[in-house]
Each structure stands twice: as structure tokens, then as C-alpha cells.
Amino acid sequence: MHLLLFLFFGLVLLLLLCVEASNSSAGCFQIEREALVQFKRALQDPSGRLSSWTGNHCCQWKGVTCSPETGNVIRLDLRNPFNLTYPEYLMLANEAEAYNYSCLSGHIHPSLLQLKHLQYLDLSVNNFQQIPIPDFIGNLSELKYLNLSHASFAGMVPTQLRNLKNLEYLDLYPYSYLVAFPERIWVSEASWMSGLSSLKYLNLGNVNLSLISTAWLDALHKLPSLVELRLPGCGLRTFPQFLPSLNLTSLQVLHLYNNHFNSSIPHWLFNITTLVELNLMNSELTGPVSSYAWRNLCSIPTSIERLSLLEDLDLSANKLSGNIPEIIGQLESLTYLDLFGNSWVGNISESHFLSLKNLKVFSLSSVNKSLAFDVRQEWVPPFSLQVILVRDCQLGPKFPAWLETQKELVRITLIDDAISDSLPVWFWKFTPQIRWLELQNNQIHGTLPVSLSFTPGTVRVDVSSNRLEGLLPICSNVQSLSFSSNLFKGPIPSTIGQNMSASVVLELAGNSLNGEIPSSISEMKKLNLLDLSNNQLSGIIPKNWEGLEDMDTIDLSLNNLSGGIPGSMCSLPQLQVLKLSRNNLSGLLSDSLLNCTHVSSLDLGYNQFTGDIPSWIDEKLVSMGILILRANKLSGSLPESLCRLPDLHILDLAYNNLSGSLPTCLGNLSGLISFRPYSPVTNRVTYSQEVQLNVKGRQVDYTKILSVVNVIDMSVNNLQGQIPDGISKLSYMGTFNVSWNRLTGEIPAKIGDLKLLETLDLSCNQLSGPIPMSMPSMTALNYLNLSHNDLSGQIPLANQFQTFVDPSIYEGNPGLCGFPLPTSCSTPNDGHVDEDTQDDGDEENDGIDMLWFYTALAPGYVVGFWVVVGTLILKRTWRHAYFQFVDNMKDSIYSVITK
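Taking mature numbering (1 follows the signal peptide of the UniProt record, and there is no 0), I'd label the letters of the sequence shown as residues -21 to -1, 1 to 878.
No false leads were slipped in.
Restraint-style ranges between C-beta atoms, simulated for each label pair:
| no. | residue 1 | residue 2 | range |
| --- | --- | --- | --- |
| 1 | ALA75 | ILE10 | 33 to 41 Å |
| 2 | ALA397 | GLY590 | 51 to 59 Å |
| 3 | ARG216 | GLU383 | 45 to 53 Å |
| 4 | LYS336 | ASN241 | 31 to 39 Å |
| 5 | GLU76 | ASP197 | 40 to 48 Å |
Simulated from the structure, these hints should not be mistaken for lab results. For glycine and all other residues, C-beta sits at the position ideal for the given N, C-alpha and C.
Work out the full structure: start from the sequences and follow the hints.
Structure follows, in C-alpha cells:
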């Protein structure tokens, strides 16, 4: 009977517990529900991701998971589900807006501390707008998973995280998809990391660890359970070369790329035999090191053979040198091998690949081009590659026949590899599967098939800078196509627009193409970049450009095009760069510029445009940063509206028929007053904008540093009047050329304020007066031409003027005297000058000469004195040697005198 009663009450109790657990699972505990409500109230949720957080059943709220046993909240997953189709640096404006709308923001409420059983917290890919990581998270003692990555947190990582003894996963990668230059998360001391004794995954990528650069490894060395360690871009500068013991016995993934170690690869690293991934890319690793462990002057230790499980090895973009050891060919598990961007020498043989049967990606280059492939033409590799990238190596002269055996290739990049062969017939069998083909900068010759059909979505085909010839082939399904700098001839196929309607980039520059530009180009609706420059194209520019709404760069320069600029071309909504120079284009300039509203770089030089520079230029060309109208037939005066172009930093109006005076407002060109590097917003990937300018007395082509080139060139016109004093305010101007005009008056007295001016050409005008005393302070000046004016007085001798030793830069100024001219300032020009006046002049000139002499002498004396004395003060061994020498000399002289 007692047993039956016991069983009955036990069953009742069990039923009550089950009911309670069921109710808790459905409705959750009140204290946890209220904590979640408070947490939600502190957040901003524009897209309503937390709209389900109502009612009593919080375990059913989106992102909330409760324990099926106890009903406690154990998981909070609020990761932004937004699907990013681009990396953050390529995110389109409309996508960025949608992404921002989907983000949670606000602050993290400490009510989370009421979730005492919380094991999983994910707030990643949101936008918490640079707030610090809350300290109280370190008190969520049951946490096993914490992900705060890509969420715009900033500030110091709280050391309270050391309390999370159960934490197995920690990701604090700070960069947001919305903040271009975020404040970084940083770590002040390393000890908190060693407290995370259960940690298996740690990602502190781009967290600033520079303050613990010498202690990071000691702290992490105490985490024996660690499986993945990711510390890319952390500002680490110390890579310890020796470890007394090795505790990282479970480590499989080690990412230390984008740091600043400036040391060799430590030998102990290759004792972590569990490694599957090792990424040391771009970490300033050096070599070779000659020792017992490092044979044959290799930067890669032969002990790498111990890493038998290694699948991914990335040592690219370092300073490694010497030979690549053949032992690397014994790593049977290797699928990814990247040795790109180092200074390898020697040979790559078949032994380097002997056992690499699983290799899928192979990337290699030698910065000094001293690495040669030494394999047989009939060699059959053990692997089947998907990607091969070999650059700046001696892979040729024959085209590598072994590639024919690689049936899975989707990317072939063989750039600058000394290949001087024709492409074999079998090579084109790859086109249905290839998505990326680069063969540029070789000597590949021969013709291409008339039609090449690549797999849909092929990203890039580039065979530029070779010696390919014949007619231009049609390539379908290619997003970016470059056939530039070859020997192709004949017309551009008239159906190119229909066949390449999906193309984004089309580069055919530097060939011998002739005929007209086909109007079918207007059907390439996705085109961003069109470069047909440096050919023999003729006829007029097609008129139908309306549908090319993504076009940002058009280069048709160096052809024989005629007619005007179609209004539909210049009015393209995304057009930033328009280069039509060196053609036979004509028409009124005002009509040609009227629709160029969005253009920031316009080069119409060396054409036949006529008329005035329109006065409305500041209203229509508001984004103009580069304006080149050189060598046309422009007339009229310079409008003051030019001064109101805020971004203008290159203005070239040389070789026209412009008249009138220089605008007095030139000093208001804000693009030359402050540092505002030109940076057009384009989607260009391959095109390097090139601008030819007359700088330092010669034509110079600018590409890479174009953004910081600042030039005003108005030479060879009919400009009159004075040089405005305001130009002295253009402190970032690098070149000022107004030669071959009819300018009068004196050189502005404050012209010396142009501290960054490198080129000054005022020659062939009618300028008078002295060379301003401020000019020697122009210490950046390295080209000067003041010839053929009416300048007078003493030529300065200080600073840069001591280097201007060519007298021709002053010739044609009969009133100038002093070095480097043969006319001394103390020599009279007229033999009938009164004797007293002559004496007074001589004394005055002698005084000026002596002033300049002592001005030039004094700095040299001071520098020389302190070089000697300073060295003796700072270098004790030299000081002792010097005084020992003096003592010896004294003794020698004394002995000679006393004899």
C-alpha cells in the first residue's frame, strides 16, 4: 500500500514538473522576458526585425532559443540576415541604404545579465555606431559563443571577458560594411586572453594589438584547446623566433596575414603538426636565413615537411627570397599554395610538385624575375588545377604544354612570363569553362579564332601587350575584355554591341584598328569603361549613347575622329572621365561642353574647337577637376567663372588664341589652395587614366600620381596685363606656366609663398622689375625659366637658386646680373657713368655681393661645425680617437721644435 501511494505521488509530481517545463518552454520565465523587452527598447530596429517580440511566449520570438529541459533563454541570435552581394568596398549606394535599414543599432542594455543561462550571443553584421563593447558581457558566465563582428563596435576590448571560462567561440572582427574609416577596437593588455581556457575559435582580425605586440603569443600559448586563431591586420610587430615549449597542440587554422613582423619565419611554427591552414600573407616576412635548419639559403624551412596535414599555405606578398625548397612537393594534402609576390630565385622543377596530387590553386611570382620553370614539355603533373597564377617568372619561351592536361581550369593568369610563342590550338578548348584569362605582357604572337565563346559570367579576358595580329575576334559572355597594345587591324566588328551586350569593360587601345566606331556599342547597356584610344579610327562619334547609364569612362583619344561631341555622350549620368584629345574634332566649345554636367576629367586637347570659354562653366561643370583644352583654336578672354570650380587642380589652356588678362580671382581656386586629391568615383578596374602635361620644360605622362598633380598652364596665348598677386595663395600648386604671352608688370612679391611649386615658367613675356627676394624660399622649385623678359637687378643666390647654373634661364634680360650670368653686378653697363656715382654703385653692389656671400656661407659654417662637434659629443670612441690624435700631433710638433 505504501509503495502504491509513493508511486502515485511520484507520478503526480512528475506530471506537475512536465507541465511547468512545458509552460516555461512556451512562455519563458517572466524575469527573462522582461529583460529581453528592456534589451529591445534600447535598440533601434528600422526594419522591424524584432517585431515578433510581443506577448508572453518569448521562446517563440525570432532569434530567441530556450532550453527544452529548463525553459531558460540559452541562445540570442540577432545576426543581420541581409544578403550582401558585394564586398563592403564595392557596395552600391542603393544596397548600402537597404543594408543600413536592416541593421540594429542603439546600445546594449545590461538587462541581458538576467539571462543567466545564456550560452550563445550573436550581434554581428549590425551597426552599433562605434560604441564600446559593454563591460558587463564579461559577467555572462555561461556564454560559449560570442560574435560581435562587423557590427561597428569601437574602443578598448573589456578585460572582463577573462571571466568567460566556458567561452569556446569569440569573434570581435571590428570592420563594418557601412563605416569607411571606422575607429578600431584595441587591446590594452593580453592577460585576459589567457583566461579563456575553453576557447577553440578566436578571431581578433583588424583589432589593434600593437600595445601587446610582444606579449600576444605568450597569452595565446596558454590556450591548449585553440583550434582556429585569426589575427590578421592587428599591427603585430614581433614574431618570436624561439619558444621554450609548444602548447598549441590542437591548432588547425592560423591566420597572421597583414602584420609587420619584419623577421624570418620561426622554426617552431612548423612543429605545429596539426595545422591545416597557414596564412602569413603580407606580413613583411624576410629571408633567406642560412643555418642548419635552413638549407640552401631558403626562406621556407625544410622542416615544413612536418606539416603533413597542411591544405592551405599562403606566404604571398612578403620579402622572402632564395630558393623554394623541393621538400614542399612532399605535402600531399596541399590544395592551395600561394607564393606570389616574393623575391624567389633558382628553378622550379617537377620535384617541387612530386606528391601534390590534391593541389587545386597555385600562385607564384618573383619580384626580381629570377625564377625559372625547369620542366619537360611532355611532363604530366600529378595534380588537376582549377586556378594557376604565375607572374614575372621565366615560364617561356614555349607556351607550357603541360597545361593541356589540366582539365578543371577556371582561371589562367600567365603575366609577364617571357612566353614568345603562339597559342596552341588545344588552348581554346578551355574557353567554355574559363572564367578568368590573363596573358598580358608577353610576346605571344599569331592570330586568334574569329569567334570565342566563353562561359556565361566570365569575369575577365586580358591578352593585352602582346604581338597578336589579324582581325579582332568577337568574344561573347565576357564582362571585362582587353585586347590593348597588340597588332590587331581592320574594323571593329559592327555587331560587337549585340555579341558583347553583357560587357562592363571594353579596352581595344593601342592597335591599328580602322573604320568607324560601330553604333551597336549603344547596345552594351552595362558598359562602364570604353577605351578605343591610339588607333586609326575615323568618321564621326556615334550619336546614340542614351542607354549607357553606367558608363563612367570614355577614351577615344589619338584617332582620326571628326565632327563634334554628341550631346547624348556628354550627358551620361555616371560619366566621370572623357578623353577625346588628339583627333580632328571641331565645333564651338560652348556647345560641346553644355551637357558635360557630371564629368570631372575632360581632355579635349589637340583638336579644332573654336569659340570662347563659356562664362557659365562654373554652373555646368561643377565637378570638374581636370580641364585640358590645349592646342585648339579658342579665343576670347578668360572668364572669372573658372575661379569658381572648387575641385579644379589641372587647368591646361596652352596653345590657343586666348586674350585679355589673367583673372584676378585665380587665387581663389580652392583645389590648389588646400590638399584635395582628385579622386573620380568610377567603377574602373583596369583603366589607368593618363594625362600628358608640359612640366619641367618637357611633355610628361602622368598616371599613378595624377591625383596629386596640380598644374596651371596658359602658355603660348595672347594674354596681357599683370600676374595677379593672388596666385601666391595657391599653396598646393606644382606647376605654373604662362610663358609666351604678353604679360607685363612685376613678378608678385609674395610668389615665394608657393612652397610646393616645382615648375615656374614665365619666359617670353614683358615682365619687369627685380626677381622677388621671396623666391629663394621656394625650396621645391627644380625648373625655372625667366628668360626673354625685362627683369633687372641681382639674381638671388640662396637655397634652390644655387642649383640653377644654366645661364639660358635668365638670358634676354639685359638688366639682370650676377651668377650664373657673365655680367657681374659690379660691372657698369655704360662707360660714361659719373665716377662718383660709379663708386657709390660699386660700393652698393659690393655690399650686396658680400651680403649674399655671408648669407650663403653662414648656414654652411654652422652645419659643418655641428657635424664635427656633434659627432664628437655623441660618439665616445670617435671623441677619444680625436683627442688621442691631437695629443700625438702635439707631441710630434714638440719633439720637432726641441730638436
